[in-house]
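Chains as they are written, first to last, in our numbering: chain C, 1 to 226; chain P, 1 to 73.
In short, the hints are calculated from the structure, not lab data. Take the hints with a grain of salt, since some may be wrong.
To be verified - Every beta carbon over 12 Å from chain C, so not counted as near; a handful from chain P, in silico: (1) Ser40; (2) Ile46; (3) Ala58.
Claimed, not checked - Here are the computed lysine-lysine pairs in the DSS-like style, where the Cα-Cα straight-line distance is at most 30 Å: (4) P:Lys28 x C:Lys142; (5) P:Lys42 x C:Lys183; (6) P:Lys28 x P:Lys42; (7) C:Lys145 x C:Lys133; (8) C:Lys133 x P:Lys28.
Stated by the list, open to error - Computed far set for chain C versus chain P, every beta-carbon distance over 10 Å: (9) Phe2; (10) Leu6; (11) Val48; (12) Gln59; (13) Gly166; (14) Tyr179; (15) Ile208; (16) Ser215.
Don't be surprised by glycine CBs; every beta carbon is placed ideally from N, CA and C.
In case you want the letters, here they are:
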Amino acid sequence: MFEVALFPAPVEFTLAGHTLRLSATALTTWWILAVVLALALAFRLILVPRLKENPKGLQRALEAAIENLDNYIGGRLHGAGEAFGAYIFSLALMLICCAFVELLGLRPPTSDFTMTLALSVMTLVLVNICGFKRRGFKGRLKSFKNPFLLLSDIITPVSMACRLFGNMFAGMIIVDLMYFLLKNFAVGLPGVVGLYFNVFHPLIQAFIFITLTLSNVAEASEPVES
Amino acid sequence: MDLTVFAAAICLLSCVSAGIGMAMATGKAVEAVARQPEASGKIQAILLLGLALTESTAIYGLLTALIILFVKG
Numbered sequence: 001m002f003e004v005a006l007f008p009a010p011v012e013f014t015l016a017g018h019t020l021r022l023s024a025t026a027l028t029t030w031w032i033l034a035v036v037l038a039l040a041l042a043f044r045l046i047l048v049p050r051l052k053e054n055p056k057g058l059q060r061a062l063e064a065a066i067e068n069l070d071n072y073i074g075g076r077l078h079g080a081g082e083a084f085g086a087y088i089f090s091l092a093l094m095l096i097c098c099a100f101v102e103l104l105g106l107r108p109p110t111s112d113f114t115m116t117l118a119l120s121v122m123t124l125v126l127v128n129i130c131g132f133k134r135r136g137f138k139g140r141l142k143s144f145k146n147p148f149l150l151l152s153d154i155i156t157p158v159s160m161a162c163r164l165f166g167n168m169f170a171g172m173i174i175v176d177l178m179y180f181l182l183k184n185f186a187v188g189l190p191g192v193v194g195l196y197f198n199v200f201h202p203l204i205q206a207f208i209f210i211t212l213t214l215s216n217v218a219e220a221s222e223p224v225e226s
Numbered sequence: 001m002d003l004t005v006f007a008a009a010i011c012l013l014s015c016v017s018a019g020i021g022m023a024m025a026t027g028k029a030v031e032a033v034a035r036q037p038e039a040s041g042k043i044q045a046i047l048l049l050g051l052a053l054t055e056s057t058a059i060y061g062l063l064t065a066l067i068i069l070f071v072k073g
């Protein structure tokens, strides 16, 4: 019978005499973070010093891409700061890397509920920071005049976490089920099905997660109409 | 027959309702764009958000069914 664990089995290892228990997905997340950080550091140390005052070729394309991203996010958020571009980009990179890890045969970290809950709690914190910053303390509290709005603010991270977790977990189970059913004949077909469930589907989910983050922040940071 | 399979089938009814809901939303969006082509950007953004919210009901149903069937107790 085909079986899947809802939470991945913990990995035990000893570090300086202490036995540590970590879930396998947390370990995968740390690996992803290390690789992405190393790439970013290499980018900063090798490529950025070689950028020229008058952009040409690749540098021009890069600058245009960053400017377009900033414009898109600034337009969505009523001009709420440039730091958002960096946050949204790193969120997208994290989600996509986490999903593509499955192509290497590991369990994707986003199919662990704790990871998706952490990401959506980050969104909740961001929403509140932007709300208090843009509207002021009183203005933000005034937007909770209707108690149902407070409820929707609390529910939003749970629903975002459940959506991402459900999509990733379902995709993982479907691919695993296919391998289980095909047994030794798993040639060719997994490439086609995996292209959808491991590549296309996570990209859509990352886009939806980002769109929801942006629209929640935009809703909270809208200037008060007087 | 095992009753858990039947329970999983009931869970998957949510996919049917989500399909109907998404079809209705898309149809209305097409109507709206046909009436006001200049507002297509805004309509698209709202439609995408609505589809994401509608799809999540289907996903919850599918997830519950998969957990009933395959997750070990």
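How the hints compare with the structure:
Annotated as non-interface, Ser40 of chain P keeps its C-beta farther than 12 Å from every C-beta of chain C; the closest such distance is 16 Å. The claim that Ile46 of chain P lies off the interface is violated: its Cβ sits roughly 10 Å from the closest Cβ of chain C, which falls inside the 12 Å cut-off. Chain C draws Ala58 of chain P into its interface by the beta-carbon criterion, the shortest separation being 9 Å against a cut-off of 12 Å. The straight-line distance between the Cα atoms of Lys28 of chain P and Lys142 of chain C is roughly 34 Å, outside the 30 Å bound, and the hint therefore fails.
This hinted pair does not check out: Lys42 of chain P and Lys183 of chain C have alpha carbons roughly 47 Å apart, beyond 30 Å. Straight-line distance between C-alpha atoms of Lys28 of chain P and Lys42 of chain P comes to about 14 Å, which keeps the hinted pair within the 30 Å bound. Straight-line distance between C-alpha atoms of Lys145 of chain C and Lys133 of chain C comes to about 18 Å, which keeps the hinted pair within the 30 Å bound. The straight-line distance between the Cα atoms of Lys133 of chain C and Lys28 of chain P is roughly 37 Å, outside the 30 Å bound, and the hint therefore fails.
Listed as a non-interface residue, Phe2 of chain C fails to keep its Cβ farther than 10 Å from every Cβ of chain P; the least gap is roughly 6 Å. The non-interface label for Leu6 of chain C is inconsistent with chain P: the shortest C-beta to C-beta separation is roughly 5 Å, within 10 Å. In this structure Val48 of chain C is separated from chain P by more than 10 Å, as the shortest Cβ-Cβ distance comes to about 34 Å. Every CB of chain P lies more than 10 Å from the CB of Gln59 of chain C, the least distance being 30 Å, so the non-interface label holds.
Not every CB of chain P is more than 10 Å from the CB of Gly166 of chain C (nearest about 4 Å), against its label as outside the interface. Against chain P, the non-interface label of Tyr179 of chain C holds: every CB pair exceeds 10 Å, the least being about 13 Å. Not every C-beta of chain P lies more than 10 Å from that of Ile208 of chain C, the closest at about 5 Å, which undercuts listing it as non-interface. Some Cβ of chain P comes within 10 Å of the Cβ of Ser215 of chain C; the nearest lies about 6 Å off, and the non-interface call is violated.
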